[in-house]
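First to last, the protein sequences are chains A and B.
Residue 113 in the working numbering sits at position 113 of the first sequence, with consecutive numbering throughout.
Residues are numbered in the working numbering as their position in the second sequence, beginning at 1, plus a constant of 1000.
Check the hints yourself; a few may be wrong.
Claimed, not checked - Label-pair ranges, simulated between beta-carbon atoms:
#, chain 1, residue 1, chain 2, residue 2, range
1, A, 54, B, 1029, 49 to 59 Å
2, A, 231, B, 1011, 37 to 47 Å
3, B, 1283, A, 111, 27 to 37 Å
4, B, 1063, A, 255, 55 to 65 Å
5, B, 1052, A, 55, 54 to 64 Å
6, B, 1063, A, 23, 27 to 37 Å
7, A, 297, B, 1052, 53 to 63 Å
8, A, 272, B, 1064, 48 to 58 Å
For the record, the hints were derived by calculation from the structure and aren't laboratory data.
In this text, all values refer to a predicted model and were calculated from it rather than measured experimentally.
Backbone N, C-alpha and C fix where the C-beta goes; we use that ideal spot for every residue, glycine too.
Spelled out from the first residue to the last, the chains are:
Number of protein chains: 2
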Amino acid sequence: MHVLITGAAGMLGRKLTKRLVDVGTLRGDSIDRIDLIDIIECPTEAAICCSHVGNLCEHGVAAKLLRPVPDVIFHLAGVVSGEAEANFDKGMAVNIDGTRALFDALRCAEGTPRVVFTSSIAVFGAPLPDLIPDDFHLTPLTSYGTQKMVAEALLADYSRRGFFDGIGIRLPTISVRPGSPNAAASGFFSSIVREPLDGAHAELPVSRDVRHSHASPRTAVEYMVHAAELDSAAVGARRNITMPGVSVTVGEQVDALARVAGPDAASLIVEAPDPVIADIVGGWPERFDTQRALDLGFVPDRSYDDIIRAYIEDDLASG
Amino acid sequence: MHVLITGAAGMLGRKLTKRLVDVGTLRGDSIDRIDLIDIIECPTEAAICCSHVGNLCEHGVAAKLLRPVPDVIFHLAGVVSGEAEANFDKGMAVNIDGTRALFDALRCAEGTPRVVFTSSIAVFGAPLPDLIPDDFHLTPLTSYGTQKMVAEALLADYSRRGFFDGIGIRLPTISVRPGSPNAAASGFFSSIVREPLDGAHAELPVSRDVRHSHASPRTAVEYMVHAAELDSAAVGARRNITMPGVSVTVGEQVDALARVAGPDAASLIVEAPDPVIADIVGGWPERFDTQRALDLGFVPDRSYDDIIRAYIEDDLASG
């Protein structure tokens, strides 16, 4: 089993690599090689890992990674939401042209490997129903969401034509994200848990009744692995699937923190209303009907308490 | 008022040019220049028309057409469904790269002209509900439909960012198409009317209970003109709109032909079942809820009888 991970130096890429190395098998076969590519050097967890530094947009980079063609490709490489909005050319180049370069290289290569593409619920844009059905149309309101939508469309058509065997998974907001607070509008969803667990204050820019869907990094990685192992006949022509999340209000997140880490931790959250962030977040999806993903065997976190515990076990405990 | 039409040598491009020349105004202003571009020479209907031969995919072609930037651009250029399926590279190049070249040239040019893009109901793919709602998701089952979906996504985002002011209109099947029968699976929808009106037999490859949505070429041109004149504030962020059609069964088409042209014409239709065509057509959308387009003032044909009369007036009578 030969695996390729693009965007492998990112948070999810590193966790996916570790998961594959730890378990050692994928689709029932022993993994004997994991190629990692990113624009910076990737930490190589084990002897089976090989790090490549390169940009998929550049001519020949994708083709070189396909000699020989891996059995499974996890395509995580991408410019994130804020950067794609701030730097339009870079977002188009990385999220569309880089993806298409990989897809076109696969088209020209031998075999039809499974390609797992990490899309995003940013493909949906307001106005949205309270519960977004699986067949709701895509009307992104960011360049990032638009670029993910384009990549999804290409993935479905390239799969239909047999150029490769793709599955796109639309990830909900990932929390609790390890690391430092960042400037993303969604950053507080993680920091109101992460900072108090570290004994520090965290600012809450929105009302406690704001509702949002979450998946832990651990579960996001399991979604990717499950997408790699899924029978494509069960998926059919609609190759892009909205992943389940735990839908909670911010108040319910805080209650979960108090249950898992005690009331003192929860008391470190300070109300700091920010109308700009409240307005951005107000246009985001709250809840999805993800029956299709559940029917296909994707297993979500059971509760926000579990999401906090996953962070403590996977990130806080290991430093 | 300066207008640019891409794909201007095609059937709809020629009819649109004629309509603009005949009426002489658009958005309340007198039209003083119409640039026409296609890969072949366009018939120039009037002194205000100027034909350009070129391919939008080629470097600099789009930019040259934007000196100065037209007030309204009708982007009709594209490879059709059958060709995009048979020649993947050509479809991607023309339908995606050519469109993006135009959009990127507009981004670099002064002003924010209205861009009317002719998309297609091919963005929808089976399984479909009997009545397809306006917010139904896009799951094309052809490369053509995929390429139109990608262009729609880019149009919406480029408009949101203010690079231009785009409206995408998803046209239903156009009938009655003038000219010779072609090999398209949808060709019979037109030929069962056109050939009998010409005194010739026409083969009917599907059952008479097959239901489909139609717009006359005349109405399709009026949709384009209305899209050019529409207030974008009324449209909002969702820039791509499914156009209304007349939803009839093939049997109802034949009944309409008998009413308009007499039973002798209708008797020239010969049953010639073709399971391959029946299977393709069986996956096509039958009927749309196009309330949004109707609310925005798009006016459909009133009946299939009217569609036949439009063909007689616009094409048959004029030779």
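Do the hints match the structure? See the list:
{"no.": "1", "hint": "54/A - 1029/B: 49 to 59 Å", "verdict": "52 Å, holds"}
{"no.": "2", "hint": "231/A - 1011/B: 37 to 47 Å", "verdict": "44 Å, holds"}
{"no.": "3", "hint": "1283/B - 111/A: 27 to 37 Å", "verdict": "29 Å, holds"}
{"no.": "4", "hint": "1063/B - 255/A: 55 to 65 Å", "verdict": "58 Å, holds"}
{"no.": "5", "hint": "1052/B - 55/A: 54 to 64 Å", "verdict": "36 Å, violated"}
{"no.": "6", "hint": "1063/B - 23/A: 27 to 37 Å", "verdict": "53 Å, violated"}
{"no.": "7", "hint": "297/A - 1052/B: 53 to 63 Å", "verdict": "55 Å, holds"}
{"no.": "8", "hint": "272/A - 1064/B: 48 to 58 Å", "verdict": "53 Å, holds"}
Hints 5, 6 from the earlier list are contradicted by this structure; the remaining hints agree with it.
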